[in-house]
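Asker: The lines below spell out each chain.
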Amino acid sequence: MKAKLFDYVERDNFVYRLSGITKLLAFIFLTFAVMFTYDLRSILCILVFSFFVLWLSEIRFSQIRLMCWYVLVFLIMNAILTYIFNPEYGVEIYGTRHELLRLNGRYTLTLEQLFYQGTKFVKYVSVIPLGMIFLFTTDPSEFAASLNSIGVSYKAAYAVALTLRYFPDMVRDYEDIALAQQSRGMDLSKKEKLTVRAKNMINICVPLIFSTMDRIELITNAMDLRSFGKHKKRTWYAKKPLKGCDYAVIGGSIAVFAAVMLVAIFINHGRYWNPFI
Amino acid sequence: MREPVIEFKDFSFQYFSQAEPTLHNIDLTIRQGEKVLIVGPSGSGKSTIGSCINGLIPFAYKGEIKGSLRICGEDTGNMSIFDRSRHVGTVLQDSDGQFVGLTAGEDIAFALENDCMEQQEMKETVKRIADMVDMGGSLSSSPFELSGGQKQRVAFAGVMVDDVDILLLDEPLANLDPATGKTAIDLVDRIHKELDKTVIIIEHRLEDVLYRHVDRVIVVADGRIAADMTPDQLMAADVLKENGIREPLYVTALKHAGIKVTEDMHAGYLDTLDTDSLSERLKSWNSSQKEQEEMPLDDEILSLKNVSFRYTEKKPIIKDVSFSIRAGEMVSIVGTNGAGKSTIAKLICGFVKEDSGDILFEGSSMKGLTIRERSDHIGYVMQNPNQMLCKPMIFDEVALGLRLRGVPEEEIQERVYKALRICGLYEFREWPVAALSFGQKKRVTIASILVLEPRILILDEPTAGQDYRHYTDIMEFLRSLNSLGITIIMITHDMHLMLEYTTHAIVISGGQKIGDSTAVDILTDRGIAAAANLKLTSLYELAIRCGIDDPQSFVRNFIDYERREERNESKAF
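Just so you know, the sequences run in chain order A and B. With the numbering used here, letter number 68 in the first sequence gets 68, and the count goes up by one each step, no holes. With the numbering used here, letter number 459 in the second sequence gets 459, and the count goes up by one each step, no holes.
With the rest of the complex left out, here is chain A (with noise of 0.2 Å):
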């Protein structure tokens, strides 16, 4: 099994050029503005935008297949679960009734809910490739810089990086030990029942947290005695300077941002956009 979920993969193209720390920001704004709004007009100018920066940064499907997937479950069972809690709140919201069928006394299906959540799907789909794209296209180690230089402390920052840096040793090891373990008999396949293959990743995670442990022990050391920790601040040397492009584009998201706002407060006058009226 390759359970890769973070894979940097150097390239040489605009988003990778940017800054970590402006991606940062852009991703932030961005995702205020589609998390403020339930415009959907706003929310699809910024879905298609993202789809395009998603396209322009030449990250393969490959690479994201397994997070899509995770993506698309979460979506489905939020999708779900907020029909079942509240069937009514499009109704509510858009303050109209169009009713396109009758399940029992408590649920229908209407118009508003439909249109509710489906913008609301919208939404999600639309700043997820943001994520997507700061993940992926940022070197861990700027990341780290990135997040040093808005604020966070640069232990945590450096923690996030050596997360990074550490998890496919520790996919490998997982793999290495999962075969050794199958090699005395123990059977991981979808042959066995789930409580015997749950019982048998126990013995898999055992030898996987010792070896992780003897790992942060010694990485712990090397860090110490090369001064990790001995000021208050430190330097980055992977921190890329910001450039004009980088400006541009922390403004461009500051005005969008701005844009959303501004549609909202003058031409919804709320966060919602009522086509029902």
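Please note: incorrect hints may appear among the correct ones.
Below are the EDC-like pairs computed for lysine to aspartate or glutamate, each with C-alpha atoms no more than 16 Å apart in a straight line [what the hints assert, rightly or not]:
#: 1; chain 1: A; residue 1: Lys239; chain 2: B; residue 2: Glu121
#: 2; chain 1: A; residue 1: Lys240; chain 2: B; residue 2: Glu118
#: 3; chain 1: A; residue 1: Lys239; chain 2: B; residue 2: Glu124
#: 4; chain 1: A; residue 1: Lys199; chain 2: B; residue 2: Asp396
Hints listed in this document are in silico derivations from the structure and should not be mistaken for laboratory results.
Given chain A's structure and the hints, the job is docking chain B onto it.
Answerer: Just chain B now, with coordinates in the frame of chain A:
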């Protein structure tokens, strides 16, 4: 005399977690610009001395300190670990685990970042230091793209950027193949000479370090300093053997020939050894040795036929490899890191599937057999026992494989006890795994495979990180298993292991088989040794320097002699 940079005075140390002190009343002075080698068996306290110097004791490992330790004239009682790191740069044993950064450049810069150096200046410094260790061209490489030797160079550079006075190297050879180890020793020598640093090397592979000059060798045993002398004096003394440290093979050869090694023979290094006065006696010893008769060969138990394998389209890992192994053999598969030797083991165990070719067990193809089905015949023991142990109790750990196979509990007990007896662990059967030493854990993992009664046992680096005594223990144990009829395949780059314990060696380089012969033939073949990053054994070099006509037979005679000696010794007990 130059300034002392390290002064231990009546220094004792006891870890809080241990009942006895690890170091007793150490008195040791190392002067500026010296190059010192500290040797000693595992548990002797040599690594503890290193941790006291670099400050991991008392900052990471707590314990009680008595006596004084001064570094560069300052009393360490008042120094923080950061103060110490300005004077002492430490290169740890595991060059992969200590790689902090995501690229070579970043890793070298780590100490500078922590010192808040400006980025521009930092980049220049990193480049300059990286060039010094020939890594200037690979600054943007990730640790996965670098070889073990390259990672170690990065680690060197990472401590040299701080312009430290003292370089402390903790087992620098442990994870390197022989040829890379040689280059590393060369590099240390160059840094020592050019930059006038004080260098302290902690290592138990004496012969490999003495490939280049060292000023003094300090032998540590049972927490005390057992000897502090020049290499020439050391070879003439008996202190190595008494303390379970392996002396260089060529020195052993001299002793076998009945030569009493003295200081004026300059036996500290093979290059300085005064061979003129010795060659006659070595020659006469050599000609008095009888050729061992060839053992009859058994049937083939495992064979690879034109096996190829690749992970991705572009990069073939194994290219058309064929070889066969006979029942009851003890075989080593050698080659550089990344040459594909571990992949061969994975192919045999069925962890990965060959793209073409075939693997036969007792003449029939194993195609289509699952990992588990293969494991009934072939056992695989990983390098690090911590990667295999998953039960808290020894009995349960060894029983795991049988329980998974649904063997009845009465039979399990019988078979587990039998395996534990073979492995010398029967007394520990009720013990928790955590109470065992590293070597004993290794035996538990071997027992947990043996209990499945495999015909073939594959071991990945069975002796990695072991000192001479434990190495001998494990290898003698494997030899005894072998004499019970189990075929043993070892993946290794330990040349001593190859030479002394395996009759048959298969050499893999760049995914291809480049040698398949006796270990003696392989280790005396210049071409193969170079291609597979091996070294020629010092026995061979000794034979050449003494003008022995057939140096290969000299090596063979040495090995045969050793085996006879051992057999006689074990009979005497």
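Asker: Run every hint past the structure and note whether it holds.
Answerer: Hints versus structure:
Between the alpha carbons of A:Lys239 and B:Glu121 the distance comes to roughly 14 Å, so the proposed pair stays at or under 16 Å and holds. Restraint check for A:Lys240 and B:Glu118: the C-alpha separation of about 13 Å stays at or below 16 Å, so the hint holds. A threshold of 16 Å between alpha carbons decides the hint, and for A:Lys239 with B:Glu124 the separation of about 15 Å falls inside it, so the pair holds. The straight-line distance between the Cα atoms of A:Lys199 and B:Asp396 is roughly 14 Å, inside the 16 Å bound, and the hint therefore holds.
The structure meets every hint from the earlier list without exception.
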